[in-house]
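There are 2 protein chains.
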Amino acid sequence: MWHLYQFPLCPFSRKVRLALGEKGVSFEMLREHPWEARDEFFAFNPAGRTPVLHHGPKGITLIDSQAICEYFEETVDKSPLILGTAANRAEIRRLVALFDENFFADVTLPLLHERMKKRLVLRAPPDSKLLRQAMRLAHEHLDYIDWLVDNRRWLAGAQLSLADLTAAAQISVVDYLGGVDWSGHEGSHGWYRVIKSRPSFRPLLSEKMEGIAPPSQYADVNA
Amino acid sequence: MWHLYQFPLCPFSRKVRLALGEKGVSFEMLREHPWEARDEFFAFNPAGRTPVLHHGPKGITLIDSQAICEYFEETVDKSPLILGTAANRAEIRRLVALFDENFFADVTLPLLHERMKKRLVLRAPPDSKLLRQAMRLAHEHLDYIDWLVDNRRWLAGAQLSLADLTAAAQISVVDYLGGVDWSGHEGSHGWYRVIKSRPSFRPLLSEKMEGIAPPSQYADVNA
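Note that the protein sequences, when read in sequence, are chains A and B. All letters in the first sequence, in the order written, are residues 1 to 223 by full-length UniProt numbering. All letters in the second sequence, in the order written, are residues 1 to 223 by full-length UniProt numbering.
Any given hint could be a false lead.
As the list makes no split between identical chains, a pair holds if one copy fits it or if it spans any two.
What the hints assert, rightly or not - Pairs of lysine to any residue, SDA-like flavour, derived with a Cα cap of 20 Å:
id, residue 1, residue 2
1, Lys117, Pro8
2, Lys118, Asp106
3, Lys58, Ala87
4, Lys58, Ala86
5, Lys78, Phe42
6, Lys58, Glu36
7, Lys58, His3
8, Lys129, Trp35
9, Lys23, Ala87
10, Lys58, Thr85
11, Lys58, Gly157
Please keep in mind that the hints were generated in silico from the structure rather than gathered at the bench.
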């Protein structure tokens, strides 16, 4: 059995959970808060980040969400998520990096810092200027998703791919933290509602981070 | 012919140049300074980052250093760089992410900001406190490389891989900017000297960023 070290609002763990869900790989979850910097966790992963996926009997430890997703792409045939020609796969990986790096840095990370870490760890009020800036950048990213879904069925092309799961994982964390305003983004909103209603998404939507309540529409697949 | 949009001290462009060099893929370079935020470049790459690799006749634009490396891994058999079993490949990709993300954020990015961007763009003096912190973190990363080369022939195992090229690309930029102190890191230093002497590395070492001179030992493959 695979064991996934994660916390509920980790967007990279969510990406892995969605990919494993689509591929039908079962796993158990263990809670890990990277900000507590446990020695045992750093011994496991010198990068000190979630997710980490460990299989004791096989003696395999997988680290980094993209390395984990590529591993299961190579070892599990069901539901290919990095699919098509080499150029198609490059386009999927470009979008994965865009959401894991740019969207994360622009939007998810400031939201996590201001509305999760400051509340649970630092016990400080959020900085409204930083929150406004993150939400302004969120609109720019949603504009780009609007453009993608206007031109393609899914973000990277004709089929669901890891690009969709990665974008939805980031957005779901921001949505939990009240940072998504869909007004003017009908295209993105429609795409997200479809992703949200997939069986792989359900376990994420029902889960809570202690001390932080999501907005009422967060888990509603019709909202 | 492939055209690579890059600037000499971009560690991600260096990673791609090393990988293409090892694989024997020829390309021409075009200079792009992402901080100038040219509209034409953003139209090409909404992430606004180098490297971008473009092939006009084929109509292919590849974006993101890892997506580019994975593309050539899939399309060029020569010199596999993400090699071995699925678990081996996951270990290579883990280390690639460690250097592209953690090493970059801890060491390369602050050096680039303090010693390149402040000199060429912002016309401001470097912050010595930030430089000291980056160089302290560089020692921690070199400690980890010491440990890896103490236990393995190359960073990810018995053979040269994309992990070595990625780490060397980051380190070479930091070395150009005077941020590498090898004292106490004989293992890392020996590994870097070997990488530095490879033919794929030569074009990088002879190239200069205008207005910034590297230290004398930078291009010396015996130093």
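Taking the hints in turn, this is what the structure says about them:
Taking the shortest Cα distances, Lys117 and Pro8 sit within 20 Å of each other inside one copy (13 Å), while across copies they are farther apart (37 Å). Only within a single protomer do Lys118 and Asp106 lie at most 20 Å apart by alpha-carbon distance; the minimum there is 18 Å, versus 22 Å between protomers. Taking the shortest alpha-carbon separations for Lys58 and Ala87, only the inter-copy value of 10 Å comes in at or below 20 Å, while the best intra-copy value is 33 Å. Taking identical chains as interchangeable, the C-alpha atoms of Lys58 and Ala86 lie at most 20 Å apart only when they sit on different chains, with a minimum of 13 Å there against 31 Å within one chain.
Proximity of Lys78 to Phe42 under the C-alpha cut-off of 20 Å is found in neither arrangement, the shortest distances being 33 Å within a copy and 36 Å between copies. For the identical chains of this complex, Lys58 and Glu36 are neighbours neither inside a copy (28 Å) nor across copies (49 Å), given an alpha-carbon limit of 20 Å. For the identical chains of this complex, Lys58 and His3 are intra-copy neighbours only, at 12 Å inside a copy versus 43 Å across copies, given an alpha-carbon limit of 20 Å. Taking the closest pair of Cα atoms, Lys129 and Trp35 never come within 20 Å of each other, the shortest separation being 24 Å inside a single copy and 24 Å across copies.
Within a single copy, Lys23 and Ala87 get their C-alpha atoms only as close as 23 Å, which misses the 20 Å cut-off; across copies the closest is 18 Å, which meets it. Taking the shortest alpha-carbon separations for Lys58 and Thr85, only the inter-copy value of 13 Å comes in at or below 20 Å, while the best intra-copy value is 32 Å. When the C-alpha separation of Lys58 and Gly157 is checked against a cutoff of 20 Å, the pair qualifies only between copies, where the shortest distance is 18 Å, while the shortest distance within a copy is 35 Å.
Checked against the numbered hints given earlier, this structure breaks hints 5, 6 and 8; the rest are met.
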